[in-house]
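Peer 1: Sequence:
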Amino acid sequence: MRIIEEALAQIGIDEEFETYERLGGGDINEAYRLNTSEGSYFLKLKKKAPEAFFEAEKQGLDALINQAGVHAPKPLGLYRSDSSGYAGLLLEWIETDKTPARQADLGYETAKLHRTGAGYYGYTSDTYIGELPQPNGAFSSWLEYYRDRRIGKQAELAKNRGLLPVKRAERLTKLREQLERWIPAEPHASLLHGDLWGGNWLAGPGGQPYFIDPSVLYGDRELDIAFSKLFGGFSAEFYSAYQADFPLAYNWKEREPLYQLFYLLVHLNMFGEVYGKSVDRILKHYIG
1 MRIIEEALAQ IGIDEEFETY ERLGGGDINE AYRLNTSEGS YFLKLKKKAP EAFFEAEKQG
61 LDALINQAGV HAPKPLGLYR SDSSGYAGLL LEWIETDKTP ARQADLGYET AKLHRTGAGY
121 YGYTSDTYIG ELPQPNGAFS SWLEYYRDRR IGKQAELAKN RGLLPVKRAE RLTKLREQLE
181 RWIPAEPHAS LLHGDLWGGN WLAGPGGQPY FIDPSVLYGD RELDIAFSKL FGGFSAEFYS
241 AYQADFPLAY NWKEREPLYQ LFYLLVHLNM FGEVYGKSVD RILKHYIG
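Residue numbers for the sequence shown, in full-length UniProt numbering: 1 to 288.
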């Protein structure tokens, strides 16, 4: 496949390319296992990828590995072709085996990630959540960042896509005006995965957990935990290990739906009104 060989050459992999296998499970990108004379690699490709789409993912993986010291596939290089319209990201290949996933270790890894901090909230470069652009910036207030760059930007996008009927729009406006009642201004600024659902980690050799597909930011670690609980995929062992290592505030569950609201708005914008009732349920709970 010419594009794969071109990507390897552009990234600087001079090993002899042998075979490739297209992998399933990716809704956003094409995914391939590449086999060369020296080993295997993982290649993600996307046609007409937005500017800096894979650059943002590479930066996030580098942050997880180099700043937090947690396990994630090492990014090896970026690819872009004006002629084919493809962009891509080459990663080390993580071999999975039949060893049961160690969810307690995943909990400890997540706690280790969240102990990594910064002196601001947000991120100094823009990222993506799924295929949606995520404007960031460095903020001194988590409340301000979450209200304006997370809830506010998704609400704006939903309005532009015709997904905010009058009552939903009114409740969202009232919620943003009153958000300081629930969301803290200055929690610990943790390095967050940012897209921590059950499909964004894998069990590597020996069951070692690896984070994949991050959308990193610095913020309240409750955001990651809230999303992990929204669609499932994490065991009781995960939460027990996390709490033993880095306990959450006693009243963290009071804020859980507010942090899940961001991800439900993302899903509303990506998949449509099927997520509308879930958004409305949270808004009614807090605003009435």
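For the record, the hints were derived by calculation from the structure and aren't laboratory data.
All values derive from a computational prediction rather than experimental measurement.
Watch out, some of these pointers could steer you wrong.
What the hints assert, rightly or not - Taking lysine-lysine pairs in the DSS-like style, the calculated list, with each CA pair at most 25 Å apart, reads: (1) Lys167 - Lys277; (2) Lys48 - Lys153; (3) Lys74 - Lys48; (4) Lys153 - Lys112.
Peer 1: Is it true that the CA of Lys74 sits at most 25 Å from the CA of Lys48?
Peer 2: The given pair, whose Cα atoms are some 24 Å apart, holds under the 25 Å limit.
Peer 1: Is Lys153 within 25 Å of Lys112, Cα to Cα?
Peer 2: Since the Cα atoms of Lys153 and Lys112 sit roughly 29 Å apart, the hinted pair is violated (cutoff 25 Å).
Peer 1: Straight-line Cα separation of Lys167 and Lys277 no greater than 25 Å?
Peer 2: Distance ~12 Å between Lys167 and Lys277 Cα, so the pair holds.
Peer 1: Can you confirm whether the C-alpha distance between Lys48 and Lys153 stays at or below 25 Å?
Peer 2: holds, 23 Å
Hint 4 from the list above is the single one not met by this structure.
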